[in-house]
Amino acid sequence: MSRSYRISVSETVRRHVKVDDGVQTQVELLPILPAERMAALLAAELEQQGFECDEERARRVEQDGTEITVDLRQGTVTVRLAAVADLELERQRSGSVYDPKQTAGTEAQLREKLRQELEQQVEAQQEELREQVTQQLERKLRDIQKTIDGAVNRSSGAALKEKAAQMGEIEEISEDTETGSLTIRVRV
Amino acid sequence: MPATWRRLPIWSSSGNGLPSNLSSEYDLLTVARALTGGVSAEMVEPLLRQERTMAPRLGPTSVGLLKQIIAQGVIHDLGRRGGWRPTRHVNQGQVVAGRLWERHPVQELSFSGWTVALLRWLVSSPLAVASECQPLSVKGAPTVGDQLMLYLACDLVRRCDCVEPLGASVALRQSPLCWIGFPTLLGHHQPPRADELTDGALDALIDAGGFVLEALQQDLCRRWIAVERAKADLTRPKEMIAVGASQQVVLERLAAALTRTGRQDLMGFMLEAAGWLLRHRPAAIHWVRGIAQVGSLSQRQEAFRAAGAFLEALQIPARWVEQAQSVRFFDDEYETSQLLLTRWEQVGPEGLIHARQLVQQMQALDAPVLERVDDARPMEQVSQ
Chain P
43 MSRSYRISVS
53 ETVRRHVKVD
63 DGVQTQVELL
73 PILPAERMAA
83 LLAAELEQQG
93 FECDEERARR
103 VEQDGTEITV
113 DLRQGTVTVR
123 LAAVADLELE
133 RQRSGSVYDP
143 KQTAGTEAQL
153 REKLRQELEQ
163 QVEAQQEELR
173 EQVTQQLERK
183 LRDIQKTIDG
193 AVNRSSGAAL
203 KEKAAQMGEI
213 EEISEDTETG
223 SLTIRVRV
Chain G
3 MPATWRRLPI
13 WSSSGNGLPS
23 NLSSEYDLLT
33 VARALTGGVS
43 AEMVEPLLRQ
53 ERTMAPRLGP
63 TSVGLLKQII
73 AQGVIHDLGR
83 RGGWRPTRHV
93 NQGQVVAGRL
103 WERHPVQELS
113 FSGWTVALLR
123 WLVSSPLAVA
133 SECQPLSVKG
143 APTVGDQLML
153 YLACDLVRRC
163 DCVEPLGASV
173 ALRQSPLCWI
183 GFPTLLGHHQ
193 PPRADELTDG
203 ALDALIDAGG
213 FVLEALQQDL
223 CRRWIAVERA
233 KADLTRPKEM
243 IAVGASQQVV
253 LERLAAALTR
263 TGRQDLMGFM
273 LEAAGWLLRH
283 RPAAIHWVRG
293 IAQVGSLSQR
303 QEAFRAAGAF
313 LEALQIPARW
323 VEQAQSVRFF
333 DDEYETSQLL
343 LTRWEQVGPE
353 GLIHARQLVQ
363 QMQALDAPVL
373 ERVDDARPME
383 QVSQ
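Protein chains in written order, with the working numbering: chain P, 43 to 230; chain G, 3 to 386.
Just so you know, the hints here were simulated from the structure itself, not pulled from any lab data.
Be aware that a few hints might be false.
What the hints assert, rightly or not - Listed next, with one range per pair, are the computed distances between beta-carbon atoms:
(1) G:H191 to P:T120: 48 to 54 Å
(2) P:E89 to G:T237: 38 to 44 Å
(3) G:T237 to P:Q162: 19 to 25 Å
(4) G:F331 to P:E217: 41 to 47 Å
To be verified - List of simulated lysine to aspartate or glutamate pairs, EDC-like, C-alpha gap at most 16 Å:
(5) P:K188 to G:D368
(6) G:K69 to G:E110
(7) P:K203 to P:D185
(8) P:K155 to P:E132
(9) P:K182 to G:D368
(10) P:K60 to P:E132
We put the CB at the ideal spot given by N, CA and C, even for glycine.
Start from the sequences and build out the full structure, keeping to the hints where you can.
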């Protein structure tokens with residue numbers, strides 16, 4: 043009568059995973075004034091929106107970790123969000139053999155299968171985390187786009203006023219906040 | 003073709019009662035007739051899908067018949083695909099009106115070993131099983147006639163829905179005409195490399211085969227409309243990125259070649275397709291519906307940009323139009339400029355503005371959440 047040997051193996055995986063997602067776009071900065079001045083005007087507008095600016099770029103990090111960076115010279119806007127998680131996964135597997143000589147081989151096979159399963163589980167959890175980041179970012183994109191568009195429009199308006207002042211004496215300025223139109227009458 | 007067919011001795015009778023070498027020649031001639039519109043795609047679909055052992059060479063009777071099929075069929079097919087339409091094109095710097103044969107009374111097309119190799123490949127390869135299909139590779143450069151046969155082959159294979167082996171075939175990827183007609187079939191894995199779609203090959207095609215491109219304008223227009231409409235069904239961002247990259251490369255290089263050769267009129271297919279696509283002012287979501295909720299935002303944004311490749315390329319003819327508008331009536335280029343302006347009317351300034359708005363929407367920060375914010379009209383209005 044043969045006896046079966048039960049083999050149990052357990053594996054633990056500990057991973058520190060980092061996922062991030064983001065989008066990038068280009069805003070159109072009208073060349074009304076020299077590029078440096080246009081950048082300074084945009085920086086001033088963005089500062090009012092809570093951005094920290096240096097000569098090259100403006101940056102704002104929101105409470106949930108969303109990072110908005112504006113390259114003031116190139117007009118490139120980058121929005122990124124990252125998330126980190128410490129994963130600890132543990133699984134067990136067991137199998138039976140009838141020949142004691144096969145114990146080591148079977149154990150190695152079980153361990154290998156277990157490792158593969160754990161790797162798949164890590165990947166799945168990483169993807170889940172990435173989807174959460176994506177959804178979080180999706181909810182904010184429209185507001186960020188509005189903030190940036192508003193800052194660009196206001197900086198273009200400021201640039202137009204400055205340009206008009208350079209050309210002559212400003213007699214009248216009328217602005218429509220709803221349509222964003224700006225009319226400047228200049229005496230040259 | 004079942005494996006038992008492949009094990010048959012060379013002289014045994016096959017399905018049509020002919021010795022196998024004659025049978026394979028018969029199949030080759032049938033495929034040649036299908037390429038040139040002589041028989042329907044459905045009739046040759048089994049031939050294309052299955053593997054077939056070919057006789058090592060064609061007999062003299064078959065060669066004679068093949069010449070006859072190609073000589074008559076190609077001309078008939080060029081006429082059928084758009085050559086019959088009375089239209090205007092540039093010929094040696096002058097605008098000429100009429101049907102294809104009236105604009106170009108005598109034109110010769112030559113066919114080399116490429117055409118025979120293509121036909122043998124179509125008959126012998128199991129095109130439905132891409133992994134078992136050897137890519138078509140032929141030495142030397144194809145003639146304009148060969149390129150036309152390659153183009154017709156792409157169309158036939160597309161209609162038989164076994165396009166997978168096309169993109170891997172070196173011979174097809176070397177043909178500028180195939181890239182112009184089927185950028186997404188050839189480039190759905192990889193866009194054309196610099197050594198595949200060369201300036202020299204494009205210039206040669208336009209110089210020697212301008213009349214072929216003229217005849218295919220309507221066909222090309224249909225193809226590009228179909229490609230744009232099919233974008234809504236793509237569900238993998240990577241696929242959209244590859245499609246957009248191929249379109250961008252093909253249109254940019256073609257436009258550059260047309261500028262060099264003074265044949266901007268051959269871009270008419272693009273303007274006609276754009277006019278048709280934009281006539282009901284469709285929303286951006288109609289280009290990206292399939293990928294609107296798929297993958298990460300960064301992937302999605304890249305795919306959205308790729309989706310707008312055709313619309314973005316409209317900037318090229320728009321620049322030509324700006325130049326054409328400044329040509330005065332006593333200038334040499336007045337007639338050709340007027341022809342371009344007439345073609346441009348299909349898109350018009352409103353169409354161009356709408357195309358720019360669509361591209362801006364697809365490239366905006368909030369583009370990946372387009373579906374939720376876009377007030378999209380139903381597709382039926384666009385697909386009439």
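Quick check: which numbered hints come out false for this structure?
-> The structure breaks hints 1, 7 and 10; every other hint is satisfied.
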